[in-house]
Structures are given as C-alpha cells and as structure tokens.
Amino acid sequence: MEMLQLISTEKDQLNVLLYQASRSENFRKSRRNSRLIFGTIMLLLSILFAVFERKMGIIFFTLSTIAFIFFPVYLGWYYKRNFTKLIKSDDYRAQTGSQYNITFEQQSVLVQSPIGETRYLCDNFDYISETGDSFYIRLKTGALLIFPKNQIIDIRELKNYFKTICSTYGINFIDDNRWHWR
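In our numbering, each number is its position in the sequence shown, counted from 1, plus 1201.
In short, the hints are calculated from the structure, not lab data. Note that beta-carbon positions come from the ideal geometry of N, C-alpha and C, so glycine has one too. Among the hints, erroneous ones may be present.
Unchecked claim - Label pairs and their in silico Cβ distance ranges:
{"id": "1", "residue 1": "Ala1344", "residue 2": "Lys1364", "range": "40 to 50 Å"}
{"id": "2", "residue 1": "Asn1373", "residue 2": "Ser1314", "range": "34 to 44 Å"}
{"id": "3", "residue 1": "Thr1342", "residue 2": "Asn1302", "range": "15 to 25 Å"}
{"id": "4", "residue 1": "Leu1340", "residue 2": "Thr1297", "range": "14 to 24 Å"}
{"id": "5", "residue 1": "Ile1267", "residue 2": "Gln1308", "range": "49 to 59 Å"}
{"id": "6", "residue 1": "Gly1333", "residue 2": "Glu1306", "range": "20 to 30 Å"}
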C-alpha cells in the first residue's frame, strides 16, 4: 500500500462525527444523564398527577414509561440531525468534495490536500479502528483521520498495513465492524 486518493463526502464527515461522539466518554455520560433527568421529571409528574387524580396519574405514568424507553432513539435522531446541520455549515462545506492524496510510509502517513500537506507520525496515533464503512486513525490530539472503504480498492492490503503499524508501535487496533449510530 503506497498511495490512496480519497474524496471527502458529507456522509463520511457525518460518520466521523457520529463515531467520534459515540466513542467519547463525556458524550455517553451526557446522553445517560439526559435520560435520567427526563425519567426523573416524568416520574415526579406522574406522582403529582396520581396524588390529585389517580386515573390520570396511571395514564401519565404509562405514557412516561413508553417515552422513557424510546428516549434513546429520540436522542440518536436529535444528535444525528444536529451533526448533519453542522456538516452543512460553511466550515465543513468547504471540505466536501476535496481530494486528498494519502501516502503511506513506514513511520508516517502523508496527507496532501488542496490547502497543503501534513505528515502524521505513527508515534502520534492513539488507536486505529475499523467499522463497516471506514477505517479511522485517532491521533493523540483527538482528531480522526478517515479512510472510507467504498473509496479503497484493496481493503485487505490497507488493513494489513494498519495492523503492521499497530504491532510495530504498540497501538490498539479496534474492530468495530458492528458499529452503527444509535
């Protein structure tokens, strides 16, 4: 594996934001706390309704339970919608359609774009992960490099290169092939 040419798409940018969010401990805590706060408010309102009118309290509790169960689905949709809006902003829109030439070397990955080139040393990789759609390299700075599988001719060769880098530099290779946004 010597060189790749990739074109940035909105879908790839959305996937990288969703993947990065799903791997973030702070983001997971925020989602969990939102659900707990929502559930607590609904429970308190159910008790309040039950005190004044029992039948209304039972109905409200039942509806609250159903809403609590489906709240994670709503949050997933909510965040995906917000990330989609973010991608359509001027900052991200400028990147959409840009071509990137990527050269794989023994100790680094060189990325050339229309605005310049950057060399990422393998020592600065935090982990490399594979999902059903892409490969991601997380840098120690927190940024992610994305390699969409639908633009890669020889996926097996790239995966072997990444595994070699992981074993050489003691980097984790995360198999997230079953990952999908929830």
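Cross-check of the supplied hints:
1. Ala1344 with Lys1364: 40 to 50 Å: 21 Å, violated
2. Asn1373 with Ser1314: 34 to 44 Å: 27 Å, violated
3. Thr1342 with Asn1302: 15 to 25 Å: 22 Å, holds
4. Leu1340 with Thr1297: 14 to 24 Å: 22 Å, holds
5. Ile1267 with Gln1308: 49 to 59 Å: 55 Å, holds
6. Gly1333 with Glu1306: 20 to 30 Å: Check passed, 27 Å falls within 20 to 30 Å.
The structure does not agree with the numbered hints 1 and 2 stated previously, though it agrees with the rest.
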